[in-house]
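Read top to bottom, the protein sequences are chains E and B.
Heads up, the first sequence is in the working numbering, so the first residue is 1 and it goes up one at a time.
Heads up, the second sequence is in the working numbering, so the first residue is 1 and it goes up one at a time.
Treat the hints loosely; a few may be bogus.
[What the hints assert, rightly or not] Covered, in the sense of this in silico footprint (three residues per stretch, anywhere, with C-beta under 8 Å from a C-beta of chain B), are these stretches of chain E:
1. 185 to 198
2. 465 to 472
[To be verified] Derived, one-sided and incomplete: chain B residues facing chain E with beta-carbon distance under 10 Å:
3. Pro55
4. Leu71
5. Phe86
6. Met90
7. Leu141
8. Gly144
9. Pro146
10. Phe147
11. Tyr157
12. Pro171
13. Leu244
14. Ile262
15. Leu266
16. Thr269
17. Thr340
18. His377
[Said to hold, decoys possible] Below are the DMTMM-like pairs computed for lysine to aspartate or glutamate, each with C-alpha atoms no more than 20 Å apart in a straight line:
19. Lys360(E) with Asp3(E)
20. Lys290(B) with Asp202(B)
21. Lys375(E) with Glu315(E)
22. Lys250(B) with Asp373(E)
23. Lys338(E) with Glu164(E)
24. Lys122(E) with Glu242(E)
25. Lys47(E) with Asp121(E)
26. Lys250(B) with Asp43(B)
27. Lys351(E) with Asp365(E)
28. Lys122(E) with Glu5(B)
29. Lys289(E) with Asp241(E)
30. Lys304(E) with Asp241(E)
31. Lys109(B) with Asp3(E)
32. Lys252(E) with Asp337(E)
33. Lys332(E) with Glu374(B)
34. Lys351(E) with Glu514(E)
35. Lys351(E) with Asp303(E)
36. Lys360(E) with Asp150(B)
37. Lys384(E) with Glu315(E)
38. Lys384(E) with Glu341(E)
39. Lys332(E) with Asp202(B)
40. Lys304(E) with Glu265(E)
Keep in mind that the hints were calculated from the coordinates and are not lab data.
Note that this is a predicted model, so its numbers are computed, not measured.
Note that beta-carbon positions come from the ideal geometry of N, C-alpha and C, so glycine has one too.
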Amino acid sequence: MIDQTFVELSRWQFAATALYHFLFVPLTLGLTWLLVIMEAVYVMTGKEIYRDMVKFWGKLFGINFALGVATGLTMEFEFGTNWSYYSHYVGDVFGAPLAIEGLMAFFLESTFIGLFFLGWDKLTKRQHFAVTFLTAVGSNLSALWIHIANGWMQNPIGSVFSPETMRMEMHSFAEVFLNPVAQVKFVHTVAAGYVTASMFVLGISAWYILKGRDLPFARRSFAVAAGFGLASCLSVIVLGDESGYTLGDVQKVKLAAIEAEWTTEPAPAGFTVFGLPNQTTHQTDAALKIPYVMGLIATRSYDKPVIGLNDLEKEHEARIRSGQIAYADLTKIRSGDKSPETRAAFDANAKDIGFGLLLKQFVEDPAQATDADVKAAAASTIPKVWPLFWAFRVMVGLGFLMLLTFGAAFWLNATKKLERHRWLLWTAVIAIPAPWIACELGWFVAEFGRQPWAIGEVLPTFLATSSLTSGDLIFSLTGFIGFYTLLLIIEIYLMVKFARLGPSSLGLGRYHFERGGPSAHTVPAE
Amino acid sequence: MLDYETLKLIWWVLVGALLMGFAITDGMDMGVGSLLPFVARNDTERRMAINTVGPHWDGNQVWLVTAGGALFAAWPMVYAAAFSGFYMAMLLVLFALFFRPVGFDYRSKIDNPTWRNAWDWGLFAGGAIPALIFGVAFGNLLQGVPFHLDELLRSHYQGSLLTALLPLLNPFALLAGVISLLMLTVHGALWLQLRAGEPVADRARTMAMVLAPTVAVLFALAGIWLWVSGDGYRIVSEPAHGSLPNPLAKEVVRAAHAWFDIYGRLPITLLAPLLGLAGPVLVSYLAKWKRPGLAFTVNALAISGIIGTAGLSLFPFILPSSLDPRSSLTVWDATSSHLTLMVMFVAVAVLLPVVLAYTVWCYAHMWGRVTAQEIEHRSHSAY
């Protein structure tokens with residue numbers, strides 16, 4: 001009854017549009033703060049070179065921001081267009097943070113961004129600084145609200161299923177807002193954005209230093225990026241660990257899958273550094289383990305176990321059976337049975353209704369499912385392990401490599417030994433793509449690790465779709481990928497062109513390409 | 001906490017206000033985009049037109065984003081059924097809108113006529129196509145939309161790909177689309193008359209003078225068409241307005257002239273169509289008399305009148321179903337829970353005035369005519 005191809009296509013489209021969107025978001029989140037720092041120095045010292053820095057990095061910011069806006073529009077409408085049953089089923093809770101994001105964050109960011117680019121001559125120094133600051137606040141607030149929405153998908157608290165309206169309804173806005181998953185993921189993600197922007201500025205500045213041009217401009221930019229990047233990278237790692245702790249509490253399946261923890265180990269569990277998770281045998285081949293570490297990360301204790309996937313699957317099987325009963329009672333209520341007994345019977349198993357819905361991938365009426373269906377549904381609650389296991393490890397590995405890069409950059413810059421260590425400058429250039437890869441992998445872990453649920457333990461992904469056809473999806477998916485790729489190529493072309501030009505692109509007449517050749521090493525007029 | 005029925009009504013007003021806010025602000029820059037090939041003939045003239053909206057179009061577009069978010073939060077079932085039902089039309093709007101952020105930011109970054117012309121056409125498409133399609137959508141709401149809800153309240157829509165898109169583009173809906181496109185184009189023209197240097201401002205003035213009366217004529221024509229065609233839906237019986245939302249609990253019939261019911265019951269509502277008819281005529285004269293500021297304000301009222309007329313005629317319907325009238329979604333049975341409506345009402349009541357305040361601050365600080373000299377002076381930083 002469920003068209004698997006259509007469900008897969010819907011998932012691919014959401015994944016593609018979201019991952020494309022997130023190519024542009026992290027740079028926006030972080031670069032705004034770097035611009036704020038640079039402009040603050042300009043306002044305090046009055047040195048023109050800092051204004052030039054704001055204008056130049058602001059130009060690159062703009063090239064990136066434009067695609068962030070374009071691809072972001074899709075996200076606002078895609079729940080309705082492609083996840084229409086989801087929109088009905090959880091809009092009561094999920095829609096609120098999205099709407100508040102528009103009101104509180106997008107308006108702020110987008111209203112002031114135009115003045116950031118075009119208001120230099122019309123605003124006083126302080127007014128323009130305020131504009132830059134408010135843009136940064138706006139973009140970071142949007143990250144807060146989207147994580148409140150996303151956090152609720154991972155850990156749907158503050159809400160309850162209503163059989164009368166056939167949907168989840170909010171019972172506490174405060175609980176939804178203060179969702180611990182949302183809060184840790186928000187700080188982890190914005191810090192990742194700060195790392196991305198720092199690596200971007202660090203790498204491009206390093207390249208100018210390697211080329212020996214616009215040195216005062218490049219050195220100052222490098223210094224700002226190294227400091228901000230080091231602090232941010234430490235935050236990402238610490239907050240990522242905090243995120244792991246929260247997972248251990250509320251998303252046991254995701255944690256166990258990331259760690260390829262098939263069976264529950266005696267506490268404290270070891271951390272598998274390397275291994276080849278095997279979904280059929282439920283074992284990890286060639287595993288290399290560090291004892292105790294995972295237990296410490298996930299439970300912050302020596303004695304609490306991390307529950308393995310096999311045990312979780314058994315737990316889920318029991319919940320599916322109770323979900324079957326809930327579904328049978330739901331059917332009675334939906335067909336007009338208003339008796340308090342039916343309602344009480346439904347309420348007894350209501351928390352498992354989502355597990356009951358999992359059976360709809362096999363049968364129209366979950367109450368009629370066979371024992372084999374139940375077992376298959378329970379097996380479907382365990383996501384594919386190896387992609388999660390590896391995506392997570394690559395992300396963490398990149399995080400530590402970036403930490404080393406920022407640490408060395410900060411140290412060598414502070415001790416004024418930078419130009420003698422060209423290897424570091426080259427490392428910074430080569431490392432530019434690293435934060436993007438880490439960010440995309442991070443989202444992959446977060447969202448793929450939530451499968452098979454659209455809303456954790458509430459609404460299965462395959463039910464959440466719209467009533468469209470595979471044809472519709474092939475058409476739109478091709479359109480999105482084609483259009484986005486074309487725009488991405490144009491964006492990268494412009495980005496590379498202006499990054500190569502450097503501050504000369506501002507047309508101020510005092511930078512490298514405007515003064516011609518060898519005079520490049522002289523200090524620009526300030 | 002306000003009672004449920006009152007909140008449901010408030011949210012109908014708020015969604016309407018957000019749509020009007022979108023049309024008045026973003027409609028203006030979409031209008032400028034639609035006019036770009038006609039009022040600006042060389043690069044400097046185009047940059048003059050573009051830079052009158054350059055600092056503001058992005059903030060303006062958030063009205064659309066917020067209206068989308070508000071639909072999701074306040075009318076989840078409408079958001080679900082309409083956006084998936086109008087799938088191909090939504091894609092068309094989205095793809096056209098993609099041209100705007102990149103068009104504005106990238107166009108003047110490279111000094112090459114082919115590059116700049118290409119983006120100018122992108123800005124034209126990004127303005128004209130959404131303006132047209134939003135009108136087409138309203139035209140279809142007035143005719144009823146072929147969808148139904150099943151027992152689990154999942155919406156099913158008739159048709160896919162072209163068989164879903166082409167019926168949307170029927171003559172009446174296209175008429176509504178043209179009204180929408182023209183009213184926003186007039187809005188853009190008045191903005192250019194107010195903010196662009198010569199000769200762009202003068203050409204824009206001519207456009208406004210000619211197009212504004214056309215809006216009034218087509219709007220009247222749409223009203224007559226609706227009366228003659230007999231489209232309309234009426235609720236025969238329904239649960240109490242304050243009860244838990246359940247669209248399937250009511251009875252609805254298709255009834256000729258039903259879309260005119262409200263004007264008989266509540267004559268004050270006639271103000272909306274009157275604004276839509278008289279406003280554009282007055283706008284035409286004000287443009288001629290070189291009072292673009294006043295004309296812009298009157299046109300904002302005319303736009304509100306036209307959108308208001310559509311909303312009032314449909315009331316209490318939001319999304320009538322032609323396939324299964326009972327599945328129609330209304331102000332009373334497609335809303336969120338009592339708590340969510342209240343939370344969102346507070347959020348809007350607190351945040352929207354703040355948004356309006358800083359939006360005014362931004363417009364005030366960027367005020368002034370965008371002249372050719374200014375474009376040449378700021379050629380590295382202007383759009």
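Each hint, compared with the structure:
no., hint, in the structure
1, 185 to 198, "violated (count 0)"
2, 465 to 472, "holds (count 6)"
3, Pro55, "holds, 3 Å"
4, Leu71, "holds, 8 Å"
5, Phe86, "holds, 8 Å"
6, Met90, "holds, 5 Å"
7, Leu141, "violated, 15 Å"
8, Gly144, "violated, 18 Å"
9, Pro146, "violated, 12 Å"
10, Phe147, "holds, 9 Å"
11, Tyr157, "holds, 6 Å"
12, Pro171, "violated, 25 Å"
13, Leu244, "holds, 5 Å"
14, Ile262, "violated, 27 Å"
15, Leu266, "violated, 29 Å"
16, Thr269, "violated, 27 Å"
17, Thr340, "holds, 5 Å"
18, His377, "holds, 9 Å"
19, Lys360(E) with Asp3(E), "holds, 12 Å"
20, Lys290(B) with Asp202(B), "holds, 9 Å"
21, Lys375(E) with Glu315(E), "holds, 11 Å"
22, Lys250(B) with Asp373(E), "violated, 37 Å"
23, Lys338(E) with Glu164(E), "holds, 10 Å"
24, Lys122(E) with Glu242(E), "violated, 45 Å"
25, Lys47(E) with Asp121(E), "holds, 17 Å"
26, Lys250(B) with Asp43(B), "violated, 58 Å"
27, Lys351(E) with Asp365(E), "holds, 18 Å"
28, Lys122(E) with Glu5(B), "violated, 48 Å"
29, Lys289(E) with Asp241(E), "holds, 18 Å"
30, Lys304(E) with Asp241(E), "holds, 17 Å"
31, Lys109(B) with Asp3(E), "violated, 46 Å"
32, Lys252(E) with Asp337(E), "violated, 37 Å"
33, Lys332(E) with Glu374(B), "violated, 71 Å"
34, Lys351(E) with Glu514(E), "violated, 68 Å"
35, Lys351(E) with Asp303(E), "violated, 29 Å"
36, Lys360(E) with Asp150(B), "holds, 15 Å"
37, Lys384(E) with Glu315(E), "holds, 18 Å"
38, Lys384(E) with Glu341(E), "violated, 41 Å"
39, Lys332(E) with Asp202(B), "violated, 69 Å"
40, Lys304(E) with Glu265(E), "holds, 10 Å"
Violated hints, listed in ascending order, are 1, 7, 8, 9, 12, 14, 15, 16, 22, 24, 26, 28, 31, 32, 33, 34, 35, 38, 39; each of the other numbered hints is respected by the structure.
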